[in-house]
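Colleague: Below, each chain spelled out in residue letters.
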Amino acid sequence: MNKNNIIMKKLTAVVLFAAVFVLTNCKPKYDEAEAKKIIKQDGLSINPVRAQMCQPPGDLPDTPTQTDMDNWALQLFAALIWPNTKGDRGVPDCNNAIIGQRSDGQYLPVVWETWKGPNEMFWPDGKKPASWADNGNPSLPPLCEAAVQEGKTLIYLDAKAAGVAPVDRYNQAVGYSVTAQNKTIIHYSITFDKNVYDYIMKTKGWNIENQKKMSAANFPHGSMEMKASWVVLNGSSASPDKSRFFTRESVVYTPELDDVPASCKVQNLGLIGLHFIRKVKANGRDQWIWATYEHVDNVPPWKSTTEPGKDPNHAGPYTLFNKDCYTTKDCKYNQSTEDGRPAYDPTEVIRVIDIGAEAKPLNVAWKELMLAFGKDNPWQYYELVETQWTRYIAVGDPGTIEPPSSANTTMETYLKEQDSSCVACHQTAKTKMRAIGADYSFMFAQACPDPKDFPWNNRWPVSASCKE
Amino acid sequence: MSILNYPRINFSGVISCNPCTTNNDDVMPTVVNRETDDFGKDLADKDDKEALEYMRTTEVMQNFDDPAGKNDFPLSGWNLAGDHKTSFLNTRITSVINEDGSQVTSASDDSIIGKYFNITGSDNPDKSGAGSAVMVDLDHTGLVTTQIFVGGIQFMDSDGSDILQLFHDTRAYQNWLNFQSTVAKAEPNPDNPKDPLNPYSGEQNFASIGCVMQFVIPASALSEPSSSTSPGLKNLLTQAKASAGLVIRFRIMETEPSITDTALKEVYKDSGQWPPNPAYGYTVGTIGVHYANEPETETFGRKLITNYPRPYTYWKPSDGTPLQLTPGTELPYAPNSSTGAPTVGGPAPTLIGNAVALVQTDNKVISLDTVESFAKEGFRNPTGPSVTNQQNNLIGFDKKQNRADIGALELAVVDPDDSTKSVSVGDIDYGLNHYGTYENFGGIVDISFNPQASGGSVASTLLEAIQRGNLVIRAKQNDPVNGYRDQQDKPSDPIPSVQDKPSRPLAQEDVIRVVTDDRAMYTILGQTDLSLDVKVYERGGPTTKPVTLYLKEYKNIIQIKGDSTCAGKINEFRTNQTTEPRHLGDYCIDGGSQTGGNVDDRLKMDSSVTIPAGEGYTAPYSISFDTAKMGVALINIQLDDIEQGQGVPAWAGNNYSSIRVFDDKGYDTSSIKWDDVYAHALRYYNILFPAMTKIIPLDAASSVAGEYASSPILERLGDPGATGKPPKPGDNPTDEVKMFWSTYNMPITRTMSPGKVNLIKDFIKQETGK
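Protein chains in written order, with our numbering: chain A, 1 to 468; chain B, 1001 to 1770.
If we strip away everything but chain A, and leave its shape as in the complex, we get:
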């Protein structure tokens, strides 16, 4: 019996099982024993007991394999997409299922969504941030104020790359925005956990003046940061099928691009990519581990010439790729605006680095596991792309990045295969004034946003500590 048949049998069993459960209990309930049977054979080492699944993984072996790393990354994924405990930021509600919906149809906030964002940590006036529990949105485009006051989540402030103009808030880490097939701009958000928050508070590195007094940066064991990419589900014919996405209704600020005026609207966003980094002990020493994930419908498989819909694991249509590029359309792949693509023309994205060989079988098992939470569970449509770490083979070794290259098609779209390395890029991270290395984190560099990046900040007094 081939593997597909085995999977189909398992899927059938899960679906039947779920159906029986619905009929008998009216409320879907996750069966840990069944999940355990499902994932056992596929090399996935996640403990399907919910109390275990909802916790981020700890240290890794002294001589880890890539499979160890990838299992760790999927465990981390499970823990961080877990519904959060109401009113307690960053704490999973382990009694809940991995996916939960409120009565208004919105998914429950997950753990990483409740973490702090740079906008809460680094105020234009350099003032001390609020406590971990308190919210704060100090810097709002006037266009968005009304919507935010209604309590909607604001995405625009969390974009990773600060640049020279507001448009760069939609740019990727190394520049340029990406446009989906439905002609909307991809948005990004960043959050970090309480370890990172506590460390910035401890160092008082929330403004430039304080950062100057720092002699080194060394985030504590267990620290985590996150970056997410989102597509606007605008309901157009080219818009992805929202039932396959983890979604969030948010206030979306879009700058003026190609003469299209800036706007701030409440939009339904679909999650298409995630980066998680966590500092743990691996290979005998504390190090950051980079894990990156994507929605399966983003782009075709690496070097695929299979039309969307014919690949059982990648149903399509693709969010960032037009299937006509395989046939009738003359497409330029991974073309940035600098290369001449109009900002609202879709970016035809192809994957230049394959998903890790070790991750692929685990992704199959992951999907099976997610089905145990219900056939409509959108997390089944996400997969691990790669886990990147540093191998130290002996005392004295400066370390080698493994695997040497990795890329998320939604966040490192324009990098070539040899260009892309999370660890190598983050090695350059420094504090805002570049006085010291920032322990691979670009978070300190978010201090005191440049006024020209945020023209609406005029109403905020920029402190002396932020004027350099």
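Be careful, since some hints might not be right.
[To be verified] In silico BS3-like links for lysine-lysine, alpha-carbon gap of 30 Å or less:
id : chain 1 : residue 1 : chain 2 : residue 2
1  : B       : LYS1738   : A       : LYS212
2  : A       : LYS183    : B       : LYS1049
3  : A       : LYS194    : A       : LYS128
4  : B       : LYS1738   : B       : LYS1725
5  : B       : LYS1041   : B       : LYS1629
6  : B       : LYS1269   : A       : LYS332
7  : A       : LYS323    : B       : LYS1269
8  : B       : LYS1725   : A       : LYS212
9  : A       : LYS36     : A       : LYS323
10 : A       : LYS194    : A       : LYS127
11 : B       : LYS1234   : B       : LYS1316
12 : A       : LYS212    : B       : LYS1765
No wet-lab data here; the hints were simulated from the structure.
Here the structure of chain A is known, so what remains is to put chain B in place on it, guided by the hints.
Modeller: Just chain B now, kept in the frame of chain A:
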């Protein structure tokens, strides 16, 4: 006085070297046209993708005319994605030699024994920890003046924590290259049946290569250890502070890339994979006291080199196989030169590498540095169980280690006026019976002697004989391995059954020794009155008569296919990569001859200089020169006027200095376009140094001049200055000049002209205001 003096600390372990080998091709005219400082004809018309694919294609390796492609290898060399990091792995202190010469080898007697030792990068300006030392080739051979930019050293405890970390930006250079650092019993080799030595062939022809490197940490950079109570370390530091500093000398040997040639070719066919391919090998070294006015980059003392004509040298395989006496089948051997002169390419090296002797009269000891002198039998197990590399392959180091048996050897003195007169000084224990004798003591052999003993036919006392005679390493008389056979002039000569005269020297003293610490210099076209500083010694002391040095410039013409029909072709290079191998030697340019002389010199300097007697001993003797043309020049400082042809005329016995002359061209920076920045300054690195672009993608304006990337770039774009050399104490250099000589400089290869550096800086300023 020298590293050979007491006290010293010895270490051994593994070394990892990860240079980007594509960098070496920047002197291949078809890849980089140094006349215009732009891409050569093979790359000029290719787009980035095509150029990268070109670098991954294979070609036939030098000296392996193998149309079947069995010996082909990637055009980019063995390490397209290397980042240049170089460090010691699991390298531990093996022994302490006290001031009185007593040896300590147990941690219970000195806690530093067994602790880790490493070379590091520069003191990081952002205090986030030392980076890594970096290996960079300057010269166009990629061989004779390989540099390691070192930022410091560290002693570490068993958990990797620092015992002592010292910072000082300096460089070590490859010295005494020896292609016979390992030998193996001959076995049928279908690829190369004529190979007389035929050791384990290794990957990329790495096997058997060994070299020595040395650098100094000055007294001003020394500090106390933070946690160690080691008396040996404290005593060494005390003596070093009272002198000129610490000197660190180590051998690199049995290095080999971690991916096999076959696997690498397959990997490179797949454009989605770009794994680094660091080479790993053994290291054996010594830390000693550096004394004022001694060379920093070579062991001070009386140097012994393989002599010309070279004697046949035999070794006895350890498997007990009787030596085959039939001429031509007794392997290996080092063939004699019919003329004795090192002609083009020179005769094949013998089994014996360089050695240096220091006469410690007060201690009645001659300390002989044999770290690079004698071969080991058999290459390390390439796949043996040891540690795993980044590809999860085993890096094997578990093969039983033993020296190649070249018989019983002795140090002797030969009368300088009559080579038939000689006297023995003492036996040389080179570790034949116990490999640890070599490995645990830095390859230094301390030979006791009685100064008042008879000087035989050379002098009245042994001390006088040592002082006036020439030191030699030779087989002991009647030794069955080399005691008889060295009487041959060629393999077909009869071997005498009784040795009735002393053995022929296997290595003999280079009575006049030339040393330069200016092994690699960087300057800018148009600079004048630069200096190449040399020191000259006669039997380790000041010269007693004038010494004439001949200065030969070898141009960047490596790897150009030359043949007799090349007249009229400029920089012609292999029209067929599968049948025309890379070539180290002849070249073809401007329709001229194939043996040099008509490539414009990069430098203007006298063809010879005569150094008055006694000068160049304490203070260096400066040879002045001017720049004439951009590019790379390799200067061979010779004691004779023999034209040695092109390529690398000789390995161990010569003294080289390589000099990169940067273009002085400036760029219009009034309104800079990204396309120009990329084309002129960054594309070269994006293609030939892809490891850099992993950190900061070099082909995107938003990356180079972006919020995050621009700052690291601005910080690391160093300035070579114009003197050719690092700043001296009291020079008060700019931060940009200091950066250039640190391990953090960008590009690591130090091939970017100042004009291009300024172009990038001005572009970032234009875009960001920084």
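Colleague: Against this structure, judge whether each hint is valid.
Modeller: Taking the hints in turn, this is what the structure says about them:
1. With a C-alpha separation of about 23 Å, the suggested pair LYS1738(B) and LYS212(A) falls inside the 30 Å cut-off, and the hint holds.
2. About 29 Å separates the Cα atoms of LYS183(A) and LYS1049(B), which keeps this hinted pair within 30 Å; it holds.
3. The suggested pairing of LYS194(A) with LYS128(A) holds, with an alpha-carbon distance near 16 Å, which does not exceed 30 Å.
4. The suggested pairing of LYS1738(B) with LYS1725(B) holds, with an alpha-carbon distance near 11 Å, which does not exceed 30 Å.
5. With a C-alpha separation of about 20 Å, the suggested pairing of LYS1041(B) with LYS1629(B) holds against the 30 Å cut-off.
6. With a C-alpha separation of about 23 Å, the suggested pairing of LYS1269(B) with LYS332(A) holds against the 30 Å cut-off.
7. Using a Cα cut-off of 30 Å, the hinted pair LYS323(A) and LYS1269(B) holds, with the two alpha carbons roughly 27 Å apart.
8. Between LYS1725(B) and LYS212(A), the direct Cα distance comes to roughly 34 Å. Violation of the 30 Å bound is thereby established for this hinted pair.
9. Between LYS36(A) and LYS323(A) the alpha-carbon distance is near 37 Å, which puts this suggested pair outside the 30 Å criterion.
10. Taking the CA atoms of LYS194(A) and LYS127(A), the gap is about 19 Å. The hint holds against a cut of 30 Å.
11. Between the alpha carbons of LYS1234(B) and LYS1316(B) the distance comes to roughly 43 Å, so the proposed pair goes past 30 Å and is violated.
12. Among the hinted pairs, LYS212(A) with LYS1765(B) is consistent with the structure: their alpha-carbon atoms are about 23 Å apart, no more than 30 Å.
In the structure shown, a violation is registered for the earlier hints numbered 8, 9 and 11, in ascending order.
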